[in-house]
Amino acid sequence: MENNQSGPENRGVVVAVRGSVVDIRFDARLPPIHTVLRAGEDGCIVIEVLAQRDARHVRGIALTPTQGLARGMVVEDTGGPLKAPVGKGILSRMFDVFGNAIDREAALTDIQWRSVHRSPPPLARRSTQSEIFETGIKVIDVLMPLERGGKAG
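Heads up: the sequence shown begins at 37 in this note's numbering, then just goes up one per residue.
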């Protein structure tokens, strides 16, 4: 994932850990909602801000295991949201939740990184036609066709 840090470092301190929910105190400035925070050795624990509780505290959800995360640990604000790769280069590739390739293929080229928290397209740009989603599995496509964008379960 890209590092979007801009300006001076913004650091906070873990004040509570309840499972994957983490409360963090920031003395300088509060990170916006959906900002990615990093904690632990080498920033191995990734936390996404879900709510601003008051003028100094945020509540986040850990996107990685919280083993080793404890009260008093320093948390660093990355300055940006969770991003995913987009473009022709990602077709037929496998990625983890952070956009890192996990298929042991060559490095990604010709891609852009976009926030996973984007506004939906306007209604005028959305398709209103019913379209069949082809899975490539003959039994499903023939006996139980799925509608693109519909619920299947």
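Heads up, a few of these hints could be off.
[Stated by the list, open to error] Pairs of lysine to any residue, SDA-like flavour, derived with a Cα cap of 25 Å:
(1) 119 with 147
(2) 187 with 171
(3) 119 with 129
(4) 119 with 146
(5) 124 with 156
(6) 119 with 97
(7) 124 with 98
(8) 124 with 151
(9) 174 with 156
(10) 119 with 152
(11) 119 with 174
(12) 119 with 103
(13) 187 with 147
(14) 124 with 170
(15) 187 with 127
(16) 187 with 160
(17) 174 with 144
(18) 187 with 154
(19) 119 with 168
(20) 187 with 144
(21) 174 with 186
(22) 124 with 97
(23) 124 with 169
(24) 119 with 183
(25) 119 with 173
(26) 174 with 130
(27) 174 with 152
(28) 187 with 131
(29) 119 with 65
(30) 174 with 187
(31) 119 with 101
[To be verified] Computed Cβ-Cβ distance ranges for the label pairs, DEER-style:
(32) 137 with 157: 23 to 29 Å
(33) 104 with 157: 39 to 45 Å
(34) 88 with 134: 34 to 40 Å
(35) 140 with 177: 29 to 35 Å
(36) 91 with 141: 44 to 50 Å
Simulated from the structure, these hints should not be mistaken for lab results. The beta carbon of each residue, even a glycine, is placed where N, CA and C say it ideally should be.
Against the structure, the hints:
no.: 1; hint: 119 with 147; verdict: 12 Å, holds
no.: 2; hint: 187 with 171; verdict: 14 Å, holds
no.: 3; hint: 119 with 129; verdict: 16 Å, holds
no.: 4; hint: 119 with 146; verdict: 16 Å, holds
no.: 5; hint: 124 with 156; verdict: 21 Å, holds
no.: 6; hint: 119 with 97; verdict: 16 Å, holds
no.: 7; hint: 124 with 98; verdict: 30 Å, violated
no.: 8; hint: 124 with 151; verdict: 17 Å, holds
no.: 9; hint: 174 with 156; verdict: 32 Å, violated
no.: 10; hint: 119 with 152; verdict: 5 Å, holds
no.: 11; hint: 119 with 174; verdict: 35 Å, violated
no.: 12; hint: 119 with 103; verdict: 24 Å, holds
no.: 13; hint: 187 with 147; verdict: 30 Å, violated
no.: 14; hint: 124 with 170; verdict: 20 Å, holds
no.: 15; hint: 187 with 127; verdict: 24 Å, holds
no.: 16; hint: 187 with 160; verdict: 22 Å, holds
no.: 17; hint: 174 with 144; verdict: 32 Å, violated
no.: 18; hint: 187 with 154; verdict: 22 Å, holds
no.: 19; hint: 119 with 168; verdict: 29 Å, violated
no.: 20; hint: 187 with 144; verdict: 32 Å, violated
no.: 21; hint: 174 with 186; verdict: 19 Å, holds
no.: 22; hint: 124 with 97; verdict: 31 Å, violated
no.: 23; hint: 124 with 169; verdict: 20 Å, holds
no.: 24; hint: 119 with 183; verdict: 28 Å, violated
no.: 25; hint: 119 with 173; verdict: 31 Å, violated
no.: 26; hint: 174 with 130; verdict: 23 Å, holds
no.: 27; hint: 174 with 152; verdict: 32 Å, violated
no.: 28; hint: 187 with 131; verdict: 24 Å, holds
no.: 29; hint: 119 with 65; verdict: 22 Å, holds
no.: 30; hint: 174 with 187; verdict: 19 Å, holds
no.: 31; hint: 119 with 101; verdict: 19 Å, holds
no.: 32; hint: 137 with 157: 23 to 29 Å; verdict: 27 Å, holds
no.: 33; hint: 104 with 157: 39 to 45 Å; verdict: 41 Å, holds
no.: 34; hint: 88 with 134: 34 to 40 Å; verdict: 23 Å, violated
no.: 35; hint: 140 with 177: 29 to 35 Å; verdict: 30 Å, holds
no.: 36; hint: 91 with 141: 44 to 50 Å; verdict: 46 Å, holds
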